[in-house]
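> Sequence:
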Amino acid sequence: MSGGSFGVQVNDEVGNYFQTKRGLRQGDPLSPVLFNIVDDMLAVLVSRAKENNQIEGVVPHLIDGGLSILQYADDTVLFLEDDAEQAMNMKIVLCTFEKLSGLKINFHKSELFSLGEAKSKIGTYKQIFGCKEGSFPFKYLGIPMNHNKLSNSDWGQIEERFKRN
Numbered sequence: 349m350s351g352g353s354f355g356v357q358v359n360d361e362v363g364n365y366f367q368t369k370r371g372l373r374q375g376d377p378l379s380p381v382l383f384n385i386v387d388d389m390l391a392v393l394v395s396r397a398k399e400n401n402q403i404e405g406v407v408p409h410l411i412d413g414g415l416s417i418l419q420y421a422d423d424t425v426l427f428l429e430d431d432a433e434q435a436m437n438m439k440i441v442l443c444t445f446e447k448l449s450g451l452k453i454n455f456h457k458s459e460l461f462s463l464g465e466a467k468s469k470i471g472t473y474k475q476i477f478g479c480k481e482g483s484f485p486f487k488y489l490g491i492p493m494n495h496n497k498l499s500n501s502d503w504g505q506i507e508e509r510f511k512r513n
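Going from the sequence shown to this note's numbering is simple: count from 1 and add 348.
Derived by calculation from the structure, the hints in this document are not laboratory data.
Check before you lean on any hint, since a few could be wrong.
To be verified - Label-pair ranges, simulated between beta-carbon atoms:
{"id": "1", "residue 1": "356", "residue 2": "429", "range": "30 to 40 Å"}
{"id": "2", "residue 1": "366", "residue 2": "408", "range": "41 to 51 Å"}
{"id": "3", "residue 1": "499", "residue 2": "364", "range": "57 to 67 Å"}
{"id": "4", "residue 1": "379", "residue 2": "484", "range": "29 to 39 Å"}
{"id": "5", "residue 1": "468", "residue 2": "407", "range": "16 to 26 Å"}
{"id": "6", "residue 1": "355", "residue 2": "486", "range": "36 to 46 Å"}
{"id": "7", "residue 1": "366", "residue 2": "499", "range": "50 to 60 Å"}
The model shown is predicted, which means the values in this text are computed figures rather than measured ones.
Quick reminder that beta carbons are idealized off the backbone N, C-alpha and C, glycines included.
Please model the entire structure based on the sequences and the hints provided.
This is the structure in structure tokens:
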């Protein structure tokens, strides 16, 4: 970014505005750090929505408060129970993130995965999020994901990748 004036908002208060002198360019070593700082805001917004009982995480018997978000670099996985109201609340969280951060979530490149009873309501969730339906199995960060137990051959592929690198 360069040109214009900027103010930084922290805890709902905007500090003094300042002029930029130099911008970031692609490949700038500071760019990933700044992205991570902004991206952490999404995790904070999801956490606040959980605290306000607007959404619930999955597998609360395994993880305190349930699992709602996993992030690695610019990849994010969101988890929700089968509840259209919670899905609407998550969509509000995502739109708030876009508004606050200036980053645009590409819902057309995103996919929805459903299990159990949620499969019958996938149309509702597709409409809420504007995403296409994904199917199992798929790979996330090179690791096969499936709603069933992974087979020995799935793990064998991962083992081979480690041996090659």
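> Each hint: holds or not?
Hints and how they fare:
no., hint, result
1, 356 x 429: 30 to 40 Å, "holds (35 Å)"
2, 366 x 408: 41 to 51 Å, "holds (44 Å)"
3, 499 x 364: 57 to 67 Å, "holds (58 Å)"
4, 379 x 484: 29 to 39 Å, "holds (34 Å)"
5, 468 x 407: 16 to 26 Å, "holds (21 Å)"
6, 355 x 486: 36 to 46 Å, "holds (41 Å)"
7, 366 x 499: 50 to 60 Å, "holds (56 Å)"
Comparing the model with each numbered hint stated earlier shows that all of them hold.
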